[in-house]
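Visitor: The chain contents come next:
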Amino acid sequence: MSNVDRREFIKLVGAGSVGVGAGFMLAESIKHPVEHLIPYPVPPEEFSPGIATWYNTVCGMCPAGCGISVRTREGRAKKIEGNPAHPVNQGRLCALGQAGLQVLYNPDRLTAPLLLQGKRGGGDFIETTWDEGLSNVASRLAAGSGGDRIYLLSEGVRGHLANLFELFMGELKSANLLYHDFAHPHSLYAANARLFGQTQLPYYDIQNTRYLLSFGADYLNNWLSPVHYSLGFGRSRQDNEGARGRFVQIEPKMSISGAAADEWIPARPGTEGILALGIAHQLLADGVYAGGSDAVDWNAALSAYTADNVAAKTGVSAETITRLASEFGHAEPALAIGGGPAGNHTNGTETLVAVNVLNYLVGNIGKPGGVVFNPDPVAGGSAPSRQANFRDLQELAEKARQGAIEVLIINNTNPLFTLPNSAGLNEALASVPLIVSLSSFMDETTAMADVILPSSTYLESWGDDMPQPGVGFSVGAVSQPVVAPLYRTRGTGDIILGLARKLGLNEAMPWASMEDFLKDGWRNIYERDSSGDGDFDSFWRDVLIAGVWGENERLTGSVVIDKQVIDNIAATEAEFSGDPDIFPFILQPYLSTALYDGRGANLPWMQELPDPMTSIVYGTWIEMNPVTAKQLGIEEGDLVRVTSEQGSIEVPALVFPAIRPDVVAMPIGQGHDAFGRYAQNHGSNPIQILAPDTDAESGGLATSATRVTLERTGGHAALVKIGGESRQLGRNIVQSTGSGDAGSAGHSAKLNSIPIVVQSS
Amino acid sequence: MSVSIVPTLKVLLPAARIALVMLLGLIAGFYANATFFPGTSPEQPIAFSHRVHATDNEIPCMYCHVQARRSISAGVPSVSKCMGCHAEVATDRPQIRLLANYWENKEPIPWIKVHDLPDFVHFTHKRHVLAGIECQTCHGPVETMDVVSREAPLKMGLCLNCHKDNEVEHGTDCWTCHK
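Chains as they are written, first to last, in the numbering used here: chain A, 619 to 1379; chain B, 133 to 311.
Keep in mind the hints are simulated off the structure, nothing from the lab.
Be aware that one or more of the hints could be misleading.
[Stated by the list, open to error] Derived DSSO-like pairs: lysine-lysine, alpha-carbon spacing no greater than 27 Å straight-line:
| # | chain 1 | residue 1 | chain 2 | residue 2 |
| --- | --- | --- | --- | --- |
| 1 | B | K245 | A | K649 |
| 2 | A | K697 | B | K213 |
| 3 | B | K245 | B | K311 |
In this text the structure is predicted, and so the values were computed from the model without any measurement.
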């Protein structure tokens, strides 16, 4: 060390200093970060930090209306489970319901009222106060020339919120209260109204049935009330004394329900009603129908639907039809349900009427294991009639274009995503002077609003629900806030009441909050409830603790069908948009298990949930039969341009054996261009290219009526999925069902080589 | 001809010297921080003395930390609990005035955590209190401290040794604490 000169010395001092500094900072960086212990100034009663409190409330993720129990700690929601006391889900909950926490804690939530600055759709909003936001809207509502220029387009709401909407719009002298849910089963409502005169959906008692014939109803996935039906399916398979329930699924693309069925029959799309009447004809021929004087009428109405005639039209062999009829007619009880693609054709209502005819002929109406009618809900009974079908929405767009809409209030529904471009709503909205959106997220529709009044999530709001379809008896469930609102948001009911106050409607709508309105409404339920002997306050507390109230008594009795109705029963083939020579394939968009109609797309848990049939996560894909793929020279992952008369989208192909060669299928839910960081820029939205065809009778959008053509673009995109090999390669991991005898082949087949012949219609 | 690596090393010598000094500095800096700024007794928003309360006035721990025998967390007393006494007691002292200030504004007191476990450790006070473990076993003689400082390291070894000594059932299973 003798040769340290001055320069060297300075270098060493410098190095030492840097070292000491770095060492100090290193020690600092590995220290535990400062955390605080924040006591309550005044603790809530019976509150203990560290001890979870469970609140029962209602799930708001889909229209099924399951009861949930939410575990909270220190005022934060931690976990959602099913409420065991709720008759719909009986303690179970689906993945979407579990992911409700990610709605609550979503980083893309709207946190304060917003006013648009500059051009609509430009995305430039400034925050404002609730007082100013509400005043802003109220002044425009008051200035509106005539109530009928005010429109309220909402998600389907039920219970007392529906009553509140009715009251509010009534006070504004506007009849324009419309509900829009993409998956609302318009044709099923219409079919039950036509045949049985029912305005509510009946209860399908899958649990107690011995033979279930499902025409396209994917009831294990997302048809009406999937948690309840899945539970019923399990019990019908395992808990029925003596017999395992048999289950046949008829649909062009195998759904998760089809995969669980004993037999999967891919009848020609749009001929499901003809098939049902063919089976009905056979039931009459077999003498199964023990009915009275109307047997003659039925024979007359169904005489054309002989097994041979029906076989020619549906592609299902006459032997299969007679066998199904014999099985269905002799299983007691037997139940037929219909929905999904079968109800989404231009003849959807016709088809579902035909399915109900089967129930009538085997005499399962009002019986265990059959179709049980539901009483009118104890509140909000008008809700189903407010559902806007596609024609209503086209009319809404037309009114907007004509300048007949002054104010459009949109509540938590996203028609710009769930309506095809051909509906023309996007352009029409430009002619509406004021668009107000009540939503928790900046979805496609909210992005077009002038004023955004952010609604709290269902976990932060008061409300109630009368599930639709019900479970055969009166049920009501109260939705209570399990946590205080995280941001400057308000419950939908409170926003409406706030507007009413600003408009000076205090006399007609005197309630200070949704909670007060709810309690007022529940006094009626308390009065009809005979079981309790306490006062209203203890009844209310009991309902809040249990999360649900019900009468637990099923309606019984039968139904009489008029001769006129019987005479009108017929089934025709569905119509499709597009020349079959140019557009050879029928596009079947289906509700995604994880994303439902797209509302789950902003939840990372749902994005990461593999599709149960294909195991794909993220993105959109198009499923096609191996035969089709081979004809077109398409392999898995090839980018395909899917073109309808309405437009085209590009998606990667998936070669999927369990689909008819003349049908291609795409999941709905992706393809958002707004709706937050997790939803945007994944996949494409097949709804966009659907033709504006409707079910003739109910007016609902016929989502399965569009024909498309496929074309390789030359690009390639790897599908993200679990497992590389979709075939079993002789390992016999999963027992496969024979597909029956679709098409002309007529022999049973393995899942990976379904012998269906492309039928050019 | 012989090849030597010595000339090469000689060239590197000044650089090595600098690196060595830097390393020594690093170690010194690290220890200086750990010794003089251990962060085990942070300054609190109110200079609350456990000695005054627990020793001088003989208030039991669980009079204030009332949740310890019922919950996973011992719970810091609410401001209203403090004011239960201090509305009457020692109201003229500056620190109590600070407390009263928080109370009047209905604001919580932002105490700084002294004893903290990582989030991947599932520790419950209830079980330990009900098993008769003294608070001081993990927290040290808090009742003698004017400023609370962390005396026990609260590392995994402490937990395991105690579980072994007391022959706790499944006391050394991973999932007992990490779940």
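Visitor: Decide, hint by hint, whether the structure agrees.
Guide: Structure-based check of each hint:
| no. | hint | result |
| --- | --- | --- |
| 1 | B:K245 / A:K649 | holds, 13 Å |
| 2 | A:K697 / B:K213 | violated, 31 Å |
| 3 | B:K245 / B:K311 | holds, 23 Å |
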